[in-house]
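So the sequence lines, in the order shown, correspond to chains A and B.
Per this note's numbering, the first sequence starts with residue 1, numbered consecutively.
Per this note's numbering, the second sequence starts with residue 1, numbered consecutively.
Treat the hints loosely; a few may be bogus.
As the list claims (entries may be wrong) - In the DSS-like style, the derived pairs of lysine-lysine whose C-alpha atoms are separated by at most 27 Å in a straight line are: (1) 26/A / 114/B; (2) 382/A / 114/B; (3) 142/B / 102/A; (4) 21/A / 114/B; (5) 115/A / 146/A; (6) 130/A / 146/A; (7) 72/A / 106/A; (8) 5/B / 334/A; (9) 123/A / 69/A; (10) 133/A / 101/A; (11) 322/A / 82/B.
Stated by the list, open to error - Partial chain A-side listing against chain B, Cβ under 8 Å, derived: (12) 31; (13) 32; (14) 45; (15) 235; (16) 239; (17) 246; (18) 258; (19) 337; (20) 339; (21) 349; (22) 374; (23) 399; (24) 403; (25) 407.
Keep in mind that the hints were calculated from the coordinates and are not lab data.
Owing to the predicted nature of the structure, the values given are computational and were not obtained by experimental measurement.
For glycine and all other residues, C-beta sits at the position ideal for the given N, C-alpha and C.
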Amino acid sequence: MSSETKQILTTDGIPLEISLKKAERKNKIKAFLLVAPLLLFLIITYIFPIGEMFTRSIDDKMITNMLPKTFKSMETWDGKELPPEEVFASFLSDFKILVDKKEHGKLAQRLNKEKNGFNTITKKLFRQVKRNKIDETQSIKEQIMKVHKRWRNVEYWQAIKRTAPPYTSAKYLKAMDMYLNEDNKITQVSEDRRIHRILWLRTVEVAFFVTVFCFLMGYPIAHLLATLPMKYSNLLMICVLLPFWTSLLVRTASWMILLQQQGVVNDFFVMIGLVADGNRPEMMYNKVGTYVAMTQILLPFMVLPLYSVMKTISPSLMRAGKSLGGTPFVAFWKVYFPLTIPGIGAGCLLVFILAIGYYITPALVGGASGTLISNQIAYHMKTTLDWSFASAMGLMLLGGVLVIYWLYNKLVGVDNIKLG
Amino acid sequence: MALPKYTETRYRIWHYFYIAICTFVFIFLIAPLFVIFPLSFNAEEFLVFSEGMKNLDPDAFSLRWYKDMVYGTKNPWGLAAKNSFIIAIFATLGSVILGTVAALGLSSRHMPFKGIIMATLISPMIVPLIISGVAIFFFMAKAGLAATHTGIVLAHIILGTPFVVITVTATLSGFDHSVTRAAASLGSNPVNTFMKVTLPLILPGVISGGLFAFVTSFDEVVVVLFLAGLENTTIPIQMWTGLREQLSPTILAVATCLIVLSTLILISAELLRRRSERLRGINR
């Protein structure tokens, strides 16, 4: 029997199995070739640059290339007492090259980041070198040590040695308000300088509460839309879809008008006597503004997945629940609600992912207490130009999002994303 | 949603409470858009309803800010609008072509590594915009495309294709592949089959994906902020600068125009969705 199946031939005399495999392979290549242009385009312009963000964030080659001889001679130095003559000599020769290339300022800046005080002593050494005050026939160690007392301090030489590896985790530690101290231990920065951890926490907090508000507001209206007759629900659906299609900046602008001190919301509060006219509450440029505006902007992303799940739930299930003796509340809680969980998962994770990377709205209505980690990334990209730090923070954020996305995929599946 | 006559009082109360919540949420969603509308016709320079406006005095309304938007000497809206449309149109074309072709491959049951490739293709939609902005900026800076229209168009193609891939893949899921085989058996080559048979059938999906791509590009500000120079300013960039510096009524005039535009897009998207559902035989 089995030998017979092997013998089946196509009309050209090739065994069927081989012929089928060939056709299969051809189809595979065809399908892949269709995807290839977009895939290639994205890999080159998008995936690869994200990888580059990583190398940029850990890159510390600049100083490694600046002091090659110094680091070579430091390899044998145990780092406990002042380094031997040889290290001083190679440091001086590296330094002279940098002076010729006018790059000693960059070195000072980089070393100063490692340990405060390098700026002054590098400048002093620079002046000595410029005036040719250092006599290479005598002990270089003695002469450098005379330039400034800090050159006699072993801690500064230890700091130089710490910068030797071409890679550093400093940017990631900085994003967590930490740094590596003299003994290579992770230490927290002093309390008054811990700004990033507050931002991370605030970002998660805002994303979490916006998700909760969106859920609380989105669930009832998704339910209403799914249970109303078509002709009414189509009309009400416009209320969800119009904001969805409207420019983000337009919606942010309208919230700025509504929430300002002389704005409509405050007028309304005064009119119904909730607040006194002279005592209008500040609702913009703080967290209230961020919450309100972000909730309205992200609400459609909660309603649409919920609606598409609720639409598939047959109303007879609720009737069955009630006829079996459940009160409407019990029927809802035990029958309807569990069936909507996939929609809840999709909506919540979608809103959370979008909220955690939000930038425009918090920057406009958030004020100082409303800025989030994305604003900090943009600030370092555009203002301080510390691109490696911006990359490090961006990748940390991306890591968080990928974890959430993985959860989303587990719960709902990427293919089930519904748009509009 | 009428309640049956035998409903108990507490459920009756609960029902009206539920309706009240829903009404509040709908107002919360839609009302902000309508505030802009009357204020953009304000005759005065302030962004509050003047006494005249509250009394519906015709003198309190004017087209002043619309005139300023079009003819204002200092206003860069003309250039911004031109740039926005050029960039959005090219970005949409690019996204639609790349995305549709990729979706055709992805829907084939022979496609290898489908999961990971799909994840890669839609990743620009999942990754927060700020990170995409940083990554795309690094690429464009290296390629010498920062502060050029080409660079922004390419960036928007990256951001727009996921929408096209998703909508077209969804349309293709209900696609009967025997029609393309029928075309092939009648002697049509693959390109001809695609143009004459497949494309007309999946067109609603392609167009609605294109609409998403258009809106994404037209509304995009985070990535453009990194990439744009003075020459490449777009409407969102101008709005962003305007909102940060001084909230002028001219911005509201622009916003009103944008709301009208998005209403048009919403209507076309809805019509397309219904048509494609009818074609797929889904009756909801």
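Which hints, by number, does the structure contradict?
2, 11, 15, 19, 20, 21, 23, 24, 25
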